[in-house]
Amino acid sequence: MSGPGRKYPSGSLKRKKKQEVNEEKEALSGSIFKYYKRNTSTSRNPDELAIVLVNDQTNANRKDDDHTPTEDDVDINMDDINVSDHEPIFNSSPIESTSIDEEPVITVDIYDPINWGSLDNKARDILVEKGPKREEENTTYPLDGNLRHFAYSHYSRKMSNGEVRDRR
Numbered sequence: 493m494s495g496p497g498r499k500y501p502s503g504s505l506k507r508k509k510k511q512e513v514n515e516e517k518e519a520l521s522g523s524i525f526k527y528y529k530r531n532t533s534t535s536r537n538p539d540e541l542a543i544v545l546v547n548d549q550t551n552a553n554r555k556d557d558d559h560t561p562t563e564d565d566v567d568i569n570m571d572d573i574n575v576s577d578h579e580p581i582f583n584s585s586p587i588e589s590t591s592i593d594e595e596p597v598i599t600v601d602i603y604d605p606i607n608w609g610s611l612d613n614k615a616r617d618i619l620v621e622k623g624p625k626r627e628e629e630n631t632t633y634p635l636d637g638n639l640r641h642f643a644y645s646h647y648s649r650k651m652s653n654g655e656v657r658d659r660r
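Heads up: take any position in the sequence shown, counting from 1, add 492, and you land on the numbering used here.
A portion of the hints provided could be inaccurate.
Pairs of lysine-lysine residues, derived as PhoX-like cross-links and limited to a Cα-Cα distance of at most 25 Å, are as follows [unchecked claim]: (1) K529 <-> K510; (2) K650 <-> K625; (3) K499 <-> K509; (4) K529 <-> K517; (5) K625 <-> K529; (6) K526 <-> K509; (7) K614 <-> K625; (8) K510 <-> K499.
Just so you know, these hints were derived from the structure itself, not from any lab.
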């Protein structure tokens with residue numbers, strides 16, 4: 493500070509402080525992700541998930557064995573696990589192919605905020621249309637430090653003309 497009457501920092505002090513704050517932010521960026529488990533499976537096809545789970549189970553069973561696998565240990569029916577009983581889609585009639593183009597099945601919980609980064613546009617549209625997930629009316633919410641809590645009555649509002657409107 494340049495003088496006794498000056499009540500605000502100079503430009504160089506402001507730049508220095510801003511640079512320190514930015515360096516601190518940069519050092520802390522991404523540190524919250526160490527507290528969350530990242531979902532490595534990006535596949536939304538249930539058949540693919542089933543195949544992965546079967547392969548993981550067989551690998552886990554093999555890890556339990558203490559000996560090294562030999563040709564005698566190989567299961568001959570191992571190939572039957574990955575075989576699909578479905579017919580190819582390209583041989584189906586045009587009527588059946590129109591049913592395939594319907595809305596895709598979403599296996600991810602779209603209401604969970606941790607999954608919002610990996611949602612596609614259709615899932616986002618569904619989330620916006622349906623609105624947030626609401627708790628049941630008889631749910632009791634915990635008190636915070638100021639002895640306040642959320643109440644179910646906040647989901648609706650009474651208008652000045654007596655009409656009760658849903659807050660969505």
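* Those earlier numbered hints the structure runs against, lowest number first -> The structure conflicts with hints 1 and 6, although it agrees with all the remaining ones.
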